[in-house]
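With the hints as constraints, model all of the structure from the sequences given.
Taken in sequence, the protein lines are chains S and H. Heads up: the first sequence runs through residues 1 to 493, numbered per my numbering. Heads up: the second sequence runs through residues 1 to 472, numbered per my numbering.
A couple of the hints might just be wrong.
Stated by the list, open to error - Simulated restraints, written as ranges between beta carbons of each label pair:
#1 Asp431/H / Lys108/S: 22 to 28 Å
#2 Val447/H / Ile373/S: 55 to 61 Å
#3 Asp431/H / Lys24/S: 22 to 28 Å
#4 Leu212/S / Ala312/H: 27 to 33 Å
#5 Val447/H / Thr23/S: 20 to 26 Å
#6 Leu212/S / Ile285/H: 48 to 54 Å
#7 Leu212/S / Leu43/H: 51 to 57 Å
#8 Ile471/H / Ala491/S: 44 to 50 Å
#9 Thr69/S / Lys28/H: 27 to 33 Å
To be verified - Over 12 Å on every C-beta distance to chain S, these chain H residues come out as not near it, computed from the model:
#10 Leu21
#11 Leu156
#12 Thr200
#13 Val256
#14 Glu396
#15 Ala403
#16 Arg419
#17 Ser438
#18 Ile457
#19 Glu464
If you're looking for bench data, these hints aren't it; they were derived computationally from the structure. Ideal placement from N, C-alpha and C gives every residue a C-beta, glycine not left out.
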Amino acid sequence: MNFPILSSLILLPTVGALFLFFTKDKEGNNSTAKYVALFTTIVNFLISIYLWISFDQTTSNFQFVEDRTWIEGFINYKVGVDGISILFIILTTFITPLCIISVNNSVKNRLRDFLIAILIMESFMIGVFCALDLVVFYLFFEAGLIPMFLIIGIWGGPKRVYSAFKFFLYTLLGSVLMLVAIISIYWIAGTTDVAQLYELGIDSKYQNLLWLAFFSSFAVKTPMWPVHTWLPDAHVEAPTAGSVLLAAILLKMAGYGFIRFSLGLFPVASEVFTPLIYTLSVIAIIFTSFIALMQEDMKKLIAYSSVAHMGFVTLGIFTLQQQGIEGSIIQMISHGLVSAALFLCVGIVYDRMHSRMINSYGGIVTIIPKYSILFMLFTLAALGLPGTSGFIGEFLILMGAFKDNFLVAVIASLGVILGAAYMLWLYKRVVFGKLVNEDLKKMFDLNRSEYLILSCLAVPTLFFGFYPDPLINTIEVSVTDLINMHHTNIASK
Amino acid sequence: MENLNLVLPEIFISLSIMFLLVLGVFKKNSSKITFNLSLFAILITGIITINETFSVSRETLFNESVVIDTMSSLMKIITLIGGFLVLVISSSYLKIFKIYNIEYPVLILSSILGMMVMISSNDLIVFYMGLELQSLALYVLATYNRDQLKSSEAGLKYFVLSALSSGLLLYGCSLVYGFSGSTNFDIISNQLNSNEYVLTFGIVFILVGLAFKISAVPFHMWAPDVYEGSPTTVTLFFTMVPKIAALTVFIRFLYVPFLNLIDQWQMIIIFLSIASMVFGAVAAIGQTNIKRLIAYSSIGHIGYTLAGLATASNEGIQSSIIYISIYVVMNLALFSCLLMLRRKDQYYEDIEDLSGLSKNHPLLSLCMLVILFSLAGIPPLAGFFAKFYVFKAVLEQSMFFLAIVGLLSTVVAAFYYLRIIKIIYFDKEKDKYDTDHSLWLKFSLTVSTILILLYFIFPSQLIEVVSRINII
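In structure tokens:
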């Protein structure tokens, strides 16, 4: 057996967290703790890059598989990656160090504990994307609630307790039904190993109920309309780094779950419930875009825009077309970069002015030009301007949707226009116009670390906007095989 | 001649009790030595139990009225470990209340003896004898802090209600005896058939009596008051040890004499289980006293244990035993935390007293965080696996309703555990608590927390031991 590279990816942040746990917690600026955390996450990022380089793009089989007996005769600890999951792992390891750099200003107290929570969170998130056993997946999926609950609750804003509880209980409620489904799958099929389940298939008479149970969990996590209400609350109250993790990675777990489990395990049911997903996605796209237009709070606006963007993702996945699914994956990666950047942009002005209200800003373009340029870039990426990664994703999704269902695609395209409306209007109100407040003149432009973070996010956003081939090549074979498998399954039923 | 080695643990522990009583009478100021000797006695009993009985797969003694099998040995060992740990972490608490007397260890030993007899019983009379022995000791223990009104009230309440339930139990036993003509479980099992409707009454009476002992809804009324009023260390004992014995007896009753009547009792157990899970989760939300809250949460946990029993399968029984073992560890850890909330010789037991604990006592708070998330059943902590095994067994029998209700009530229960975490981590801090705790208290907290936290690395070991239990 080769070096267990995936397990080390999962374990390394936890080891870093343990190390931090035994260092002394200094009050104020605890730079040692920060460097330890940063070092751990950067090493993890490099390992994941190595993983990507040595990844074989010509096969859809799971690679780097580790399979160990965990509970005798019941569950194996099995991890592995294919073209679909590897990008999410890289996204996770890429975003986490940026989060750690960004804590400088936003987290004032108990920095060490915050970093421990972030590192443990990273372990769980990578675990979710690697897991090839349903129980292992569930374990990581649920365990992530603990650090996120603490991140929102301890370091959050004034209404943090309410938001943390809402986040925790909503997600838990969704997930317990998935647990019932997972155990039922074990009794129906005799295994919880994903690769084996792909081959065996699940009897179609059970599929609808099982699909709904998984759906209840993923719909809350995505979040889909009408169970999206926890997201704006959680985003608004969470500290910047928490919002970034939440938007960039946590929401992707559900999209990934839809592709890996809902499509892969329950092909017949996926076909049956496509209209449901279409309806909910279209409502999410149009309805939450309108809500976003009305928001006064910048973070809330971006949170609602996340719901709309994830609406595109679920729409794309269930078109069951090559373009649709590829578009969804690219849209998720792109949204991971762009929403992270947007939350950081809001965090940057919030650190200076302590307000997230749109009307307390205006005319800051002359005061902080560098910030305004980068903010512009991410605004345009969020609305899907050609040349940014957002465009590739949305375009492919809509292409897939037009192939499958013309009406849905037309309505969803309207969402693109609305997206442009609320993002540009937000930018206009915050950056352009008259100077509304004399205090704004005291704002200073990006400092070094902020500049670094935003550029790190800007480069891939632009790069993949012009040249998405690395992403598409990685996922292509896996997606093709997934769709072929889907069609053979449907045909045989 | 019977092989008396098999009951050597019981013989040894009864001799120790008598010796300690005599010692206490004749020697003045002997509390400390009695405590140490009784710890030693439990230790020796544990070693004898492991040595003499652990390899026995099934043997009966005294006209088949006592049975020694894997389940009895395992449950006895858990009982002894529980009793030992309660005793070691009690001393500092008792000293502060000036009730550090010889009676305490002797009473604990007697109740342990009663439980061991219960666990091994294969006969109605032996079972009842053990039950009463442990109950009598527990009545006195509940009132042990006799200068406090609440403690006396707790003892009295427990006595009156428990006597009532014993009466019901005895009535049930006499009905069963009347229909089967024997008090022996194996013979009853062969004699009974489900056509006798009055027999159902007998079963129901016995189940009611047992449900009372494990405080399953709707026979739980005594638990919150008794748990709140009793001295904290006694509450710890109440929440752990008697439940193990009562659960064992529950398993034996259901699966030896009444196995053929499964249609009669399965619905009752399912009802008890669902009612306990839901009620335990909902009623705990409004509590302000930690001990009362633990009482309601223990009602909920008993509901999950019963869910395993309701499946009528070996997997179900095994999952219940795993559940109760993990629950014992979590409870021990939680009470160790509770016993650390002491400031100037006064113990604090309101939830509000935990406010902002994480600022002054980060390690203690971290332990509580782990324990509470584990009690709420969040992976990857031990409490999740406990629930996982139970629901695995439940779903194997396609009891979807039970599983879904159970899992939904974990979400409700998560709310009140989260509320405590919120108070510890998100609220304003109060004064510091004393930190000069006894070594044993720190030891039990550390070990149990580590067990909870790292259980997921080695989940197979416990299953391996428990999977040797095959009752059906």
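For each hint, the structure was consulted:
| no. | hint | result |
| --- | --- | --- |
| 1 | Asp431/H / Lys108/S: 22 to 28 Å | holds, 24 Å |
| 2 | Val447/H / Ile373/S: 55 to 61 Å | holds, 57 Å |
| 3 | Asp431/H / Lys24/S: 22 to 28 Å | holds, 24 Å |
| 4 | Leu212/S / Ala312/H: 27 to 33 Å | holds, 29 Å |
| 5 | Val447/H / Thr23/S: 20 to 26 Å | holds, 24 Å |
| 6 | Leu212/S / Ile285/H: 48 to 54 Å | violated, 29 Å |
| 7 | Leu212/S / Leu43/H: 51 to 57 Å | holds, 54 Å |
| 8 | Ile471/H / Ala491/S: 44 to 50 Å | holds, 48 Å |
| 9 | Thr69/S / Lys28/H: 27 to 33 Å | violated, 60 Å |
| 10 | Leu21 | holds, 47 Å |
| 11 | Leu156 | holds, 39 Å |
| 12 | Thr200 | holds, 31 Å |
| 13 | Val256 | holds, 27 Å |
| 14 | Glu396 | violated, 6 Å |
| 15 | Ala403 | violated, 6 Å |
| 16 | Arg419 | violated, 8 Å |
| 17 | Ser438 | holds, 25 Å |
| 18 | Ile457 | violated, 9 Å |
| 19 | Glu464 | violated, 7 Å |
In the structure shown, a violation is registered for the earlier hints numbered 6, 9, 14, 15, 16, 18, 19, in ascending order.
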